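Its first residue numbered 623, the sequence shown is counted upward by one per residue in the numbering used here.
Treat the hints as calculated values from the structure; they're not laboratory data.
From a predicted model like this one, the values you see are computed outputs, not experimental measurements.
Possibly wrong hints are sitting among the right ones.
As the list claims (entries may be wrong) - Derived lysine-lysine pairs resembling DSSO-like cross-links, with alpha carbons at most 30 Å apart:
(1) K656 / K641
(2) K670 / K641
(3) K670 / K648
(4) K670 / K656
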Amino acid sequence: MQQVPTAHLVQGVGIDGDKHASAASKRQVLLADKESLDAVSVLPGTIKENLTLEGVDVMRLPSGTRLRLGRSVVLEITAICEPCFRMDEIRDGLRAELEGRRGMLSRVLSGGSISVGDAITVERSEPLAS
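Sequences are here, hints too, so could you generate the full structure?
See the structure below:
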């Protein structure tokens, strides 16, 4: 994956220019945390995540949790991203090493531009309607 200092996220679609961006998808942005990558000795971008966060344990964020990135971007966690066979193409055994820590999938609720070093705020999930 190509690392860039700035990205533009489009509401309801994903990251501008990403081949997986789609309004029909709940998998618009894959988030991983740097600490999990360090634990399996891979560099940011290696496991094909869209955004690598530092200081946020993304695997502990339940579905529905909202993250505010920078001044305007809001992402909503939708599901865990299970490691697939492609991880073993990167390094033999990586799929097993990433079990339970590949990252979380999210969708873009509010778009805008983000840059490396922008603040990240974890907002509580909205209660489900009964």
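CA of K670 to CA of K648, is that 30 Å or under?
-> holds, 17 Å
Pair hint outcome, K656 versus K641 [Cα-Cα no greater than 30 Å] = holds, 23 Å
Under the criterion that the straight-line Cα-Cα distance not exceed 30 Å, is the pair K670, K656 satisfied?
-> holds, 13 Å
Does the alpha-carbon distance linking K670 and K641 stay inside the 30 Å limit?
-> holds, 12 Å
Violated hints are absent here; each numbered hint is respected by the structure.
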